[in-house]
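A.B. asks: This is what each chain is made of:
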Amino acid sequence: MDSLQSYLFISITLFCLGLYGVMTRRNGVAVLMGIELILNAANLNFVAFNRFGGLSDQLPGHIFALFVIVMAAAEAVVALAIIINLYKTFHTVNVDEAHEMKG
Amino acid sequence: MGAFAFNLVAILVVVTAFWVVTAKNLVHSAVALMGTLFGVAGLYVFLYADFLAAVQVVIYVGGILVLIIFGVMLTQKIATAVVVQSSMPNRFLAGVVVFFLFIGLSSLMFRTPWHRGELVETTGTVATIGTSLLTRYLLHFEVASILLLVALLGAAYLSRREHG
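Chains as they are written, first to last, in the numbering used here: chain A, 2 to 104; chain B, 22 to 185.
Isolated chain A, as found in the complex (with noise of 0.2 Å):
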């Protein structure tokens, strides 16, 4: 627990299964879900290296995770009304067949 690399790998752990999610879901609001573990990996990033890297008196990555959380909160509500939108015009929610703009 006082090492970098403990973090570090819970963090590439939790990337790699959002990635995962992302790529092989294709509910909407599940693809929503792997896209937040992959910003809580990075939020974990950097206040890892936030403690770690000596930054103790000015906390830039704690700042710098607070942001991400804002942008998160603000990214899943437009998110969302979109997938509301998307099941009110095509019935339903499965990100692959709302083709319509396709060639």
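Simulated from the structure, these hints should not be mistaken for lab results.
In this text, all values refer to a predicted model and were calculated from it rather than measured experimentally.
Here a beta-carbon is modelled for each residue, glycine too, at the ideal position from N, C-alpha and C.
Some clues are possibly wrong.
Just the calculated beta-carbon pair ranges, DEER-fashion [unchecked claim]:
id, chain 1, residue 1, chain 2, residue 2, range
1, A, Glu98, B, Leu173, 23 to 31 Å
2, A, Gln6, B, Val52, 25 to 33 Å
3, A, Met102, B, Ser107, 16 to 24 Å
4, B, Gly84, A, Met102, 25 to 33 Å
5, B, Thr144, A, His100, 21 to 29 Å
Please arrange chain B on chain A, whose structure you already have, making use of the hints.
C.D. replies: Quick look at chain B alone, frame taken from chain A:
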């Protein structure tokens, strides 16, 4: 004791994250995501990031997760919220890609000589974060508030009822 608790939280994060991306039922995914988010908040506590841990619980678990569950509720019947996953070959291919990415990132991470500063025992980060948000990062703070306003208006516009 501390190391044991850390391992417990780490295992919780990884196992529930795995469950999030593999569960057949979307509601199970959402519940597992709650475990992951709580676990990451616990890791923040181990990293002496008390304010961030609180923010993680309030915004992620209390806000974004509830929003996601609303998204599930509004688009599917809750009892039969079955996630349609990609076909088996696609999933296998994605698994292979992610596995090699994992191996590559891990070996890179363990071989890199990371810069190490000295570890200091901080007592609370709230004052430092508050001061720097309103001095050094004031512009970013205001931009973030405008971003939230735009997201609010955009979401309300996108999901409104059509008239005519």
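A.B. asks: If a hint holds in the structure, say so; if it doesn't, say that too.
C.D. replies: Quick rundown of the hints versus the structure:
1. Glu98/A / Leu173/B: 23 to 31 Å: About 29 Å separates the Cβ atoms of Glu98/A and Leu173/B, which means 23 to 31 Å holds.
2. Gln6/A / Val52/B: 25 to 33 Å: Distance hint for Gln6/A, Val52/B holds at roughly 30 Å.
3. Met102/A / Ser107/B: 16 to 24 Å: holds (21 Å)
4. Gly84/B / Met102/A: 25 to 33 Å: holds (32 Å)
5. Thr144/B / His100/A: 21 to 29 Å: At 55 Å between Cβs, range violated.
Going down the numbered hints, you'll see the structure goes against just number 5.
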